[in-house]
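As a plain string of letters, each chain reads:
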Amino acid sequence: MRYRTLTIAAVIGIAVQTNTQAQERALPVREIASGVFVHEGRIELASSDNDGAIANIGFIIGTTAVAVIDTGGSVREGRQLLAAIRARTSVPIRYVINTHGHPDHMFGNAAFVADGVTFVGHHRLPQAMATRGPLYLDSFQRSMGDALLNDVRIVPPTRLVDGSLALELGERTVIVKAWPVAHSDSDVTVFDRTSQILFAGDLVFIRHIPVLDGSIKNWLDSLDDLVALPARRVVPGHGPVSDWPAALADQRRYLGTLATDIRRDVKGGRPIREAAEQAATTERQRWELFEDYNTRNATAAYSQFEWE
Amino acid sequence: MPRLLLRNACIAICMSMFAAPAAAVEAIDPWPGLVQDIFDNKPIGDGGDLIALDMPARAEDAAIVPVTLRIKPDTNSGRRVVAITVVIDQNPAPMAAKFVLGADAQVSEIATRVRVNNYTNVHAVAETSDGKLHMVKTYVKASGGCSAPAIKNVEESKARLGQIRYRQFTKPADGAHGGAREAQVMIGHPNNSGLQMDQVTQLYVPAYYVDRIRLWQDDAPILSMEGGISISEDPNIRFTYVANGARTFRIEAKDTDGHVFEKTWKIDGSTM
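So the sequences go chain by chain: A and B. Residues 1195 to 1502 (the working numbering) are what the first sequence spells out, left to right. Residues 4 to 275 (the working numbering) are what the second sequence spells out, left to right.
These are calculated hints, taken from the structure and not from any lab test. Please note that a few of the clues may not be correct.
In silico contact screen, one side only, chain B against chain A (beta carbon under 8 Å); selected entries [what the hints assert, rightly or not]: (1) E63; (2) I67; (3) P69; (4) A114; (5) G147; (6) C149; (7) S150; (8) K155; (9) R163; (10) G165; (11) F172; (12) D237; (13) R241.
Here are the computed lysine to aspartate or glutamate pairs in the DMTMM-like style, where the Cα-Cα straight-line distance is at most 25 Å [as the list claims (entries may be wrong)]: (14) K161/B / D1356/A; (15) K144/B / E1485/A; (16) K101/B / D133/B; (17) K1371/A / E158/B; (18) K257/B / E1468/A; (19) K266/B / D133/B; (20) K269/B / E1500/A; (21) K140/B / D214/B; (22) K75/B / D107/B; (23) K257/B / E158/B; (24) K1411/A / D1356/A; (25) K161/B / E1500/A; (26) K144/B / E1482/A; (27) K135/B / D57/B; (28) K135/B / D260/B; (29) K144/B / D1415/A; (30) K140/B / E1471/A; (31) K144/B / E1471/A; (32) K266/B / D1340/A; (33) K144/B / D1243/A; (34) K161/B / E1468/A; (35) K144/B / D1437/A; (36) K1461/A / D1419/A; (37) K1411/A / E158/B; (38) K269/B / D1415/A; (39) K161/B / E1502/A; (40) K135/B / D43/B.
Even for Gly, the Cβ is constructed at its ideal location relative to N, Cα and C.
Chain B on its own, in the form it takes in the complex (with noise of 0.2 Å):
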């Protein structure tokens, strides 16, 4: 997305001139821009039938934001949801995810956390199988006081690097076999953003971050993530979705240094 950086870099520097950074933000809706530069002014439909977006009112923790995004059965035959795109139109990287739905996987649930700026509107697009796009959102206050989405402990977030998590979360109406399964990943990543300087070389650190998950059952895919900055340090997704019978679970997680981190479980939740 270099051309959106680029074109939010020159609001951010234009507002800093003229000294009312806040004020400046709301007067531009950034959304027509967005539409443009991550879906090539397609068209975009109401999505209240398709999805829904589920977040706080105001972002509690800048820094960790939950973000919930449900997939509604489909009553329209024929037609799925293929993907989601979640946007986050205040911040400095918009675009904060997308995933794309195993065609088999039934997902019907994807919730991740996410960092939050400023006061702010937040997209979620979702793109059905048909190529046509569905939108809904809602509007997130930022946090007040001393909350910085910033990382908070900068060894610790150092310390689990690459530490890959998975879990399963019973629920009763699980069978032995198939049925609706909630899991979740989480992958140790500082998820840098890149907008800090280094105080020994003065210089920016470059963006650091996880900007692809992947996670299958046995060979078929369930979910897939692409990431930016705009996502919450060590990336969590808890997401529910319809075992196949597999017999393996597995993730694949990439990031921007090309480290490629890749975990297989046994489905009862043992590493293989």
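Extracted from the complex, chain A is given alone in its bound form (with noise of 0.2 Å):
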């Protein structure tokens, strides 16, 4: 067993031997709320023309403490993210909360690791990185390449959430939440009480179709609490921010034919393969990256529901 040791050891050599802190250009930021910033990620799928800003990422500013709420799908990113905070606040970055450890919301981690920051996460983020981290930077090569990857290191939470936490930043109190297994096994809210907004991360997508690695059956059951949540508007983990809770309608529906479509066809002995791959195809002309995301969480519902 020793060899994996030494592989991930390996990896995580080169990642720390060039980190380099090149002065970043700061990332095209937009005030959504006072105080409250949000860059919008391209929906795509991430690659080395992107830097891997596919995702929706931001910051909140208190009077004492900035919170970054994900750091982006590269260093390249979490350093623009950076100077963009940098240029609007001299306030101290105090928590960076990943809504999850997908790599278009945390391979901008590296960039933000300093004394004083504390990264905030759900209660399984950390196994979740520990197993996944190595796959994802084996299978974000081909696509991104070793200029975005060489400095990308895993790098979990150390305040865990299980239930919810309050991060004080001074006149202004966030509210981050652990969900069960919706989208992915570590998913959190951030809820700004102030301006009302939600950052749902990846429990929330819109206009890109959403992207099950976690339970459909409990990423259903949990929009009706995600809907109860008191907030104005959402940031989406995609997709554009819009009015909360009527942004979330698409997405039921998307989630609920899948599920609709997937339960009929298990139920009547359809082969998993032809089953996902005729799955929810009304939503085709709803959703952008469709063709890329639809059989796979087809596939995920199909061997979920063989249980029930």
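Now that you have both chains on their own, put them together as the hints suggest.
Structure representation (structure tokens):
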């Protein structure tokens, strides 16, 4: 088993050596409420052309602390986010919250590692990162290349959330809430009480087809609890900042359709591949990246509904 | 396969040092080494007349990639397919499964699900009753995005450990007795790869997987599978065979911790 340790050590070693702090331009961000900034990622697959900057990431500024919500899909994007923060405030960054462990949300973590910065995440996130981090570094090599990946370090949270956690930023409090396995096994949302903005992470997709890497049943069940959050606007993990909860309707319909189709096919004995290729096709025109993710979602859903 | 694992380990470490894993992986074709390690360098002919290997061109969910093997009707009298080995060349444990076909079960189709870590050739090697080997292959692109060949829901996976399900799919052509039957078995098991670290102990979790599944109709073997960590969690086999008039269907599965999971059903699907 020792070789595995060595392999990972070697990967991390490379990352550490090349941790150059090049000055990056500031990431374009928009102030969607007083002190709440968002960069809307491109609705694309991560690649060397887009620096992996495909997820929505942002930050909230209080009087004593800044909280960063996701760090982007590369250290370059993370550094650009850091530059955007520094261009707007000298209040120290105290918290970096990862809404979950997917590469487009946490590959920029290394840009924020510093004294006084606490990484915050779901109590299952350290395990998810440990399990998947090396797999992601390997599989993203092809689409993103060494130049973007060499600096990436898998930085797990040390402040873990089970239930919910209030973070004081000075004259504003944000609530980090941990969810059951839904989009992934380690989703948290971040709610800013002051602005009533909800950073939903990948529990909410708008325009970008939802991606299932957790439990379709739990995700559907979680939608009612999500709707109940007293938010006015939502920053989804992917897609435009939108009014809440109206923005959830498309996702609810998609997941519901997928569940209905796949449950029917499992019951009818249709083989997994055939079922997956034909599920939720009524949704094809309604989503971007449908062809990239729908069959995958359906495959995962099938393997879960088989056990109902 | 310790030799095989070690060899891949060396490759992985060397490539990490040169910081170009993906490119290097493709530069090295692992197949000749796999033929040596798994098939003892025996000659392998073309198997296109005997079997077909069907996989999607792209792994959609890296953790659950459907594979279907079809055994073609025997046109060369006196010879039958006795075993089929599935090899996923670029996976950490390339030998995914070896299926042994019951002598009288006339198995014509086997479908299961595998993990696919990277862009890879997948080989299916049939062994015929004359001892010869025959190969077909396909190429599978790895899934994109945040898909990983890892368990999605550890707690749910633990909760169904050891559960076994059996299902028969009625085919219109089925008579009341005999004829081709399509059935499926599912075994709740994480089929852990062991490639993950325990956060508390900082030690690697040992691999923990179903290494053998055997299926019978009464006392006649239908099919068995020796599997490894390339088989998806909750091992699932869907297969078509010819019924021999037996009254029972039996499954026995064993995992690497020595747990044995067994169950018997009446052939109508009800539990004994």
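Consistency of the hints with the structure:
A distance limit of 8 Å between C-beta atoms decides the matter here; for E63/B the minimum to chain A is near 4 Å, and the interface restraint holds. Taken as an interface hint, I67/B checks out: its beta carbon lies about 5 Å from the nearest beta carbon of chain A, inside 8 Å. Of the supplied interface hints, the one on P69/B holds, with its beta-carbon coming within about 4 Å of a beta-carbon of chain A, less than 8 Å. The beta carbon of A114/B comes within 7 Å of a beta carbon in chain A, closer than 8 Å, and the hint placing it at the interface holds.
Given the 8 Å rule on beta carbons, the hint for G147/B holds: about 6 Å separates it from the nearest Cβ of chain A. For C149/B, the interface hint holds, the least distance from its beta-carbon to any beta-carbon of chain A being 4 Å, beneath 8 Å. Hint status for S150/B relative to chain A: holds, with the closest Cβ pair at about 6 Å, below 8 Å. With 8 Å as the threshold, the beta carbon of K155/B comes within range of chain A, its nearest partner Cβ sitting at about 6 Å, so the hint holds.
Annotation: R163/B was flagged as interfacial toward chain A, and the flag holds, the nearest CB pair being 6 Å apart, inside 8 Å. A hinted interface residue such as G165/B counts as satisfied when its beta carbon comes closer than 8 Å to some beta carbon of chain A; here the least separation is about 13 Å, so the hint is violated. Interface restraint check for F172/B: the shortest CB-CB distance to chain A comes to about 4 Å, inside 8 Å, so the restraint holds. This hint holds: D237/B has a C-beta 7 Å from the nearest C-beta of chain A, less than the 8 Å allowed.
Among the interface hints, the one on R241/B holds; its C-beta lies about 7 Å from the nearest C-beta in chain A, closer than the 8 Å criterion. The straight-line distance between the Cα atoms of K161/B and D1356/A is roughly 20 Å, inside the 25 Å bound, and the hint therefore holds. Restraint check for K144/B and E1485/A: satisfied, since their Cα atoms lie roughly 15 Å apart, inside the 25 Å limit. Between the alpha carbons of K101/B and D133/B the distance comes to roughly 18 Å, so the proposed pair stays at or under 25 Å and holds.
Restraint check: the Cα-Cα separation between K1371/A and E158/B comes to about 19 Å, which is no more than 25 Å; the hinted pair holds. For the given pair, K257/B sits about 30 Å from E1468/A by alpha-carbon distance, which is inconsistent with the 25 Å threshold. Only pairs whose Cα atoms come within 25 Å are accepted, and K266/B paired with D133/B is rejected, the gap being roughly 34 Å. Taking the CA atoms of K269/B and E1500/A, the gap is near 21 Å; set against the 25 Å cutoff, the hint holds.
Restraint check for K140/B and D214/B: the C-alpha separation of about 24 Å stays at or below 25 Å, so the hint holds. Distance check on the hinted pair: K75/B and D107/B sit about 15 Å apart at the alpha-carbon level, within 25 Å; holds. Pair hint K257/B plus E158/B holds up; C-alpha atoms about 21 Å apart against a cutoff of 25 Å. Straight-line distance between C-alpha atoms of K1411/A and D1356/A comes to about 20 Å, which keeps the hinted pair within the 25 Å bound.
At most 25 Å may separate the alpha-carbon atoms for a hinted pair to count; K161/B and E1500/A meet this at roughly 16 Å. Taking the CA atoms of K144/B and E1482/A, the gap is about 21 Å. The hint holds against a cut of 25 Å. Restraint check for K135/B and D57/B: the C-alpha separation of about 22 Å stays at or below 25 Å, so the hint holds. About 34 Å separates the Cα atoms of K135/B and D260/B, which puts this hinted pair outside 25 Å; it is violated.
Between K144/B and D1415/A the alpha-carbon distance is near 33 Å, which puts this suggested pair outside the 25 Å criterion. As the CA atoms of K140/B and E1471/A are separated by approximately 22 Å, the hinted pair is consistent with the 25 Å bound. For the given pair, K144/B sits about 17 Å from E1471/A by alpha-carbon distance, which is consistent with the 25 Å threshold. This hinted pair does not check out: K266/B and D1340/A have alpha carbons roughly 50 Å apart, beyond 25 Å.
Only pairs whose Cα atoms come within 25 Å are accepted, and K144/B paired with D1243/A is accepted, the gap being roughly 21 Å. Distance restraint check for K161/B and E1468/A: the Cα-Cα separation of roughly 28 Å exceeds the 25 Å cut-off, and the hinted pair is therefore not satisfied. Our distance criterion of 25 Å between C-alpha atoms is broken by K144/B and D1437/A, whose separation comes to about 38 Å. For the proposed pair K1461/A and D1419/A, the alpha carbon gap of about 29 Å is over 25 Å, so the pair is violated.
Pair hint K1411/A plus E158/B holds up; C-alpha atoms about 14 Å apart against a cutoff of 25 Å. Between K269/B and D1415/A the alpha-carbon distance is near 37 Å, which puts this suggested pair outside the 25 Å criterion. With a C-alpha separation of about 15 Å, the suggested pairing of K161/B with E1502/A holds against the 25 Å cut-off. In summary, the hint linking K135/B to D43/B is supported, as the alpha carbons are separated by about 12 Å, within the 25 Å threshold.
The structure does not agree with the numbered hints 10, 18, 19, 28, 29, 32, 34, 35, 36, 38 stated previously, though it agrees with the rest.
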